[in-house]
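Note that the protein sequences, when read in sequence, are chains A and B. All the letters of the first sequence, read from the start, carry residue numbers 0 to 224 under numbering that gives the first Met the number 0. All the letters of the second sequence, read from the start, carry residue numbers 0 to 194 under numbering that gives the first Met the number 0.
Possibly wrong hints are sitting among the right ones.
As the list claims (entries may be wrong) - If you want the footprint, here are the derived chain A segments under chain B, 3+ residues with CB under 8 Å:
(1) 100 to 107
(2) 120 to 132
(3) 164 to 178
Said to hold, decoys possible - Some chain A residues well away from chain B (every beta-carbon gap over 12 Å; in silico):
(4) 87
(5) 140
(6) 146
(7) 149
(8) 150
(9) 151
(10) 153
(11) 154
(12) 155
(13) 207
(14) 208
As the list claims (entries may be wrong) - Calculated cross-link-like contacts (lysine-lysine; reagent style DSS-like; alpha-carbon spacing at most 25 Å):
(15) B:167 x A:185
(16) B:167 x B:115
(17) B:141 x B:181
(18) B:141 x B:115
(19) B:39 x A:53
(20) A:199 x B:167
(21) A:199 x A:115
(22) B:181 x A:57
(23) A:53 x B:178
(24) B:39 x A:185
(25) A:53 x B:36
(26) A:53 x B:141
(27) B:141 x B:39
(28) B:36 x A:57
In case anyone wonders, no lab produced these hints; they're calculated from the structure. Quick caveat: nothing in here was measured; it's all calculated off a predicted structure. Glycine included, each C-beta is placed from N, C-alpha and C at the ideal position.
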Amino acid sequence: MSDLTLAELDRDGALLDPLAALQGSSRAEFLSRAALGGGALLGALLAPIPAEAKPSHKQDVAILNFALSLEYLQDSFYTEVERMGGFRGPLGEQARTVAAHERAHVVALRDVLGGKAVKRGRYDFRGATESRDAFRRTAVAFEDLAVAAYKGQAPRIANTGYLVAALGLHTVEARHAAWIRRLAGKTPAENAFDEPRSAKSTLGVVASTKFVLQTRSRRSPRFTG
Amino acid sequence: MPDLSRKDVLRAGLLAGGGAAAGAALLAGLPQGAASKPSKKQDAEILNAVLVLEALQAAFYADALGRASLTGELREFAEEVGGQEREHEELVRQALGSAARDPPEFDFGDATASAKAFRQAAIELEDLVVQAYNAQAPNLTKGALAAAATIVSVEARHAAWIRDLAGKNPAPFASEPQKSAKAINQALNDTGFIK
Numbered sequence: 000m001s002d003l004t005l006a007e008l009d010r011d012g013a014l015l016d017p018l019a020a021l022q023g024s025s026r027a028e029f030l031s032r033a034a035l036g037g038g039a040l041l042g043a044l045l046a047p048i049p050a051e052a053k054p055s056h057k058q059d060v061a062i063l064n065f066a067l068s069l070e071y072l073q074d075s076f077y078t079e080v081e082r083m084g085g086f087r088g089p090l091g092e093q094a095r096t097v098a099a100h101e102r103a104h105v106v107a108l109r110d111v112l113g114g115k116a117v118k119r120g121r122y123d124f125r126g127a128t129e130s131r132d133a134f135r136r137t138a139v140a141f142e143d144l145a146v147a148a149y150k151g152q153a154p155r156i157a158n159t160g161y162l163v164a165a166l167g168l169h170t171v172e173a174r175h176a177a178w179i180r181r182l183a184g185k186t187p188a189e190n191a192f193d194e195p196r197s198a199k200s201t202l203g204v205v206a207s208t209k210f211v212l213q214t215r216s217r218r219s220p221r222f223t224g
Numbered sequence: 000m001p002d003l004s005r006k007d008v009l010r011a012g013l014l015a016g017g018g019a020a021a022g023a024a025l026l027a028g029l030p031q032g033a034a035s036k037p038s039k040k041q042d043a044e045i046l047n048a049v050l051v052l053e054a055l056q057a058a059f060y061a062d063a064l065g066r067a068s069l070t071g072e073l074r075e076f077a078e079e080v081g082g083q084e085r086e087h088e089e090l091v092r093q094a095l096g097s098a099a100r101d102p103p104e105f106d107f108g109d110a111t112a113s114a115k116a117f118r119q120a121a122i123e124l125e126d127l128v129v130q131a132y133n134a135q136a137p138n139l140t141k142g143a144l145a146a147a148a149t150i151v152s153v154e155a156r157h158a159a160w161i162r163d164l165a166g167k168n169p170a171p172f173a174s175e176p177q178k179s180a181k182a183i184n185q186a187l188n189d190t191g192f193i194k
């Protein structure tokens, strides 16, 4: 396998901008350390994030961008379902309603972040938007993941306004999760307590889906290793 | 890192707020809005209000299971969710320790007397509890916030579940509506459930 830099693999920065920011280094610094063989990408995504947990504005921006990258992923997923004609019945109702919510979450986070917002990635949902069964399974995974991811970040947010906003999105993601779980024949509330998930672990799950396109850019990469 | 079970971690987070508790009634004495500076003392006040909400819900589901002739998925919902509310109540009580105040008496009247009334009351209660947690979460210290966050999303799941069962939109808004502590307290009083 030829050596690729992470910039080439993730040229829109959907995953790495938030990751680099969470690691407390600039994107350029992070990427310059990150030239590696393609097979090592997942390992890089799972690399330990130093625990510099002290809330700060800089960290808030990283957290909101991390949330935005998850919302882009969900928005793109549900919007693709709609573009392909949607599903009939309650499942179609769920997909339409949730698509509108995830789009609203993207708009809200981009508004707050302004020029600091990361760009939307490119996705290939590998058939998950095409059949009812694959859609249900993927939507359950996305929604439970989003709940756990917001929960992992909320206590790390410094700005009270951002925290209030994040909490308002967190419980709506939980409503989505319960809704799709019921439609998938799963119990909507499996446990009395929902576990948080760290950013590192969340990004690892996202990477493992292979939904985020990591094709070599035709353009020259913005940063090279 | 010490090998703590999930519940121990939760308890540690909530316990950070388990210090002194002054005697304020229900939610009325709580900070209005999100401007108050978090403190362990304030955590204890908020957690005592949370304890009332969790005890209220646990009692509500137990009462409905005894009186409302629930069948099918509605019964399954009440059993499952009632058990989870008891777990929440137990955790919050343990976290508060000696600072825990005894919850008031409850009377659910007609709300637990029929399946239809139960369903409507459950929707109102679950939505209200989600909004109550969200209103107070920013006033908690970070450790207590992390613990409360593991509960509030489960309350939101309950709300979505019962709404879907009742043929209502489980997620009727893109962002959870923000209510003041005062508005939540008023809505809670309006139920007439707390004696």
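Do the hints match the structure? See the list:
| no. | hint | in the structure |
| --- | --- | --- |
| 1 | 100 to 107 | holds (count 4) |
| 2 | 120 to 132 | violated (count 0) |
| 3 | 164 to 178 | holds (count 14) |
| 4 | 87 | holds, 17 Å |
| 5 | 140 | holds, 15 Å |
| 6 | 146 | violated, 5 Å |
| 7 | 149 | violated, 8 Å |
| 8 | 150 | violated, 5 Å |
| 9 | 151 | violated, 9 Å |
| 10 | 153 | violated, 5 Å |
| 11 | 154 | violated, 4 Å |
| 12 | 155 | violated, 8 Å |
| 13 | 207 | holds, 23 Å |
| 14 | 208 | holds, 22 Å |
| 15 | B:167 x A:185 | holds, 19 Å |
| 16 | B:167 x B:115 | holds, 14 Å |
| 17 | B:141 x B:181 | holds, 23 Å |
| 18 | B:141 x B:115 | violated, 40 Å |
| 19 | B:39 x A:53 | holds, 19 Å |
| 20 | A:199 x B:167 | violated, 36 Å |
| 21 | A:199 x A:115 | holds, 21 Å |
| 22 | B:181 x A:57 | violated, 34 Å |
| 23 | A:53 x B:178 | violated, 29 Å |
| 24 | B:39 x A:185 | violated, 38 Å |
| 25 | A:53 x B:36 | holds, 17 Å |
| 26 | A:53 x B:141 | holds, 11 Å |
| 27 | B:141 x B:39 | holds, 10 Å |
| 28 | B:36 x A:57 | holds, 21 Å |
Checked against the numbered hints above, the structure violates hints 2, 6, 7, 8, 9, 10, 11, 12, 18, 20, 22, 23 and 24; every other hint is satisfied.
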